[in-house]
Amino acid sequence: MDSNLLEIKDLCVQYKTHNGTVYAVNGVNLTLQKGETLGLVGETGAGKTTTALSILRLLPDRIGEIKSGSILLDGEEITKISEAEMRNIRGNKVSMIFQDPMTSLNPILPVGQQIGEAVLLHTDLNKEEREKRVDEMLTAVGLQPSRKNEYPHQFSGGMKQRIVIAIALACNPELLLADEPTTALDVTIQSQVLQMMNDLKKRFNTGMILITHDLGVVAQTCDKVAIMYAGHIVENGTVQDIYESAQHHPYTVGLFHSIPEMNKDSNRLAPIPGLMPDPMIRQEGCSFSDRCPKCSERCRREKPGNYTVSNSHTISCFLYEQGDADKEEI
Amino acid sequence: MEERCSNQPILQTKELTKYFKTSRGLLHAVDHVNLSISANKTLGVVGESGCGKSTLGRTILKLIEPTSGEILYHGVNIESCSASKMRDMRRKMQIIFQDPYASLDPRKSVKDLIADPLKVYGVSKAEREDIVFEIMKTVGIAERFAQSYPHELDGGRRQRIGIARALVLNPEFIVCDEPVSALDVSIQAQILNLLMDLQESHGLTYLFITHDLSVVRHISDEIVVMYLGVVVERAPSKELFANPLHPYTKELIRAIPIPDLKPEHKLIHSIRGEVSDPIEPPARCRFAPRCNYCTDACMGCQPALRDMGNDHYVACALYDK
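Order-wise, the sequence lines are chains A and B.
Numbers given in the numbering used here equal positions in the first sequence, counted from 1, plus 769.
Numbers given in the numbering used here equal positions in the second sequence, counted from 1, plus 6.
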């Protein structure tokens, strides 16, 4: 078996605000192999972005803190290393694509220079070789190398996101964190960008964590899926487990029922009632218990563990505790 | 729900056009759009950013003055209405905005926000109170939030306030401008259900503007597809998805990521290029630069909508035979 590219164990992250402590990530476990794509799915405030920022150690200074747990990148514990060592990893071994391409580029630098910056910092290529690398990257993301001296405002939203992707991939990272990379784009542009990301990922054998709330995008791009709710991973499995198995966490079921389906004529959707719990309040039982149609007394008192339903599929819900879950019809 | 009401359209536009002056020339935001909405129905308007769908919604309400063309409300040209007549009309025509974070005054409490439109129309204070609590119940905001301010509420509740504000004057017609795009899926579903319930209970007519095809399919009776300011296809909702005719509509439907693993829903193909410049567009089919079926016939002028039967209209030279 391959060694894991990334292994997150029992990660807990908290934010200190003047209103109190925000429990953003509460014991997350994830593994990712080389070249694999993991979809991290959840709604606003579920802790998806916080998880990604923890991997890069980019949590806001003095506010966000990794309280416990470990993050192993290629076997190296990155929660313990110095900031200087971390800087060597960022943009080199691990890079990130942010959601909004309109704000993640520097408006006063030509785009070519922004792509070249990562190469300058992390390699010892000379100027000529760096220029060549910039041209290669622009071509790879489907832009004319001749446009490298233009500024971000001269590009459309889809093109800007391509440039951001070129920057992220310039040093050939092993791990790419993509935080809602296509949410700000129109559908036709989204499909272009996703297709390009799929191609590049295969070509460079990059491992990727794709953060999204769109279950359609996950189905098209991911190998594995982790469903996140209120700082917990409530269900984890391969795409087949999530989309085709009959056993699911009640939250996953609620998510799927909330999407208007393209192929079915239904009169009304079946949304999940209520709202996500306040992340400032530490919950005793299962974090989904308040909204769960199958909640029992026990769910309010105890936190469920991660129960294995098949080799690759775990669900954090008491319904699946003894493996007698086959009877559970969803 | 079908055929419950007369076929007299509640709202019609005739050659409705809005050009904006820019330093580079005229921006064709809405170009000769004809549409009609029957009472109690939902007309969906879909298209990508910059296709003119929001401008269309706002021009219909005369929040933006049209450059040319007519807007008929119950057969009356609202352009010709006197100021006082227009005030009465406004009561009947409301809008729900996209961003519940930007469309509510942060310094007003929930109660005051909802009471505002009533104040404008001179409803007495005592009456206002009753109506506000009534409407809060209708849209599902608990009474305890009456004194809260928008920043204390989540996106879903804020959008419910936006809906309450639109609803409080008992309108007939509401322009919903991307009312669920800023919301999470589980909340989005709650709001969509609410809008559909309100339509049934209050007999509302919606112009539903969105970029999300699965949402528009879910809520609309009829759909208009816009591209760069022009309507390229118009059909009943089911017909449009079962049998899309315009190359752009086909591409748009194919581009939606479907949440299942069927091989036919794999990401295999995508439309090339991007939306071209809306400023002084050349006289040809607006979609021609991205179209796989483009011929010389597409280069003369923007094709007009053609009746293909089944209430299905398409503006494409492919069908001009």
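Accuracy of the hints is not assured; some may be wrong.
The calculated DSS-like cross-link candidates involving lysine-lysine, where the alpha carbons are at most 25 Å apart (straight line), are [as the list claims (entries may be wrong)]: (1) B:114 x B:91; (2) B:131 x A:970; (3) B:268 x A:971; (4) B:272 x A:971.
Hint data in this document are derived by calculation from the structure and do not stem from the laboratory.
Each hint, compared with the structure:
With a C-alpha separation of about 29 Å, the suggested pair residue 114 of chain B and residue 91 of chain B falls outside the 25 Å cut-off, and the hint is violated. The straight-line distance between the Cα atoms of residue 131 of chain B and residue 970 of chain A is roughly 63 Å, outside the 25 Å bound, and the hint therefore fails. Annotation: proposed proximity of residue 268 of chain B to residue 971 of chain A holds, straight-line Cα distance about 21 Å (limit 25 Å). With a C-alpha separation of about 16 Å, the suggested pairing of residue 272 of chain B with residue 971 of chain A holds against the 25 Å cut-off.
Comparing the model with each earlier hint shows violations of hints 1, 2; every other hint is respected.
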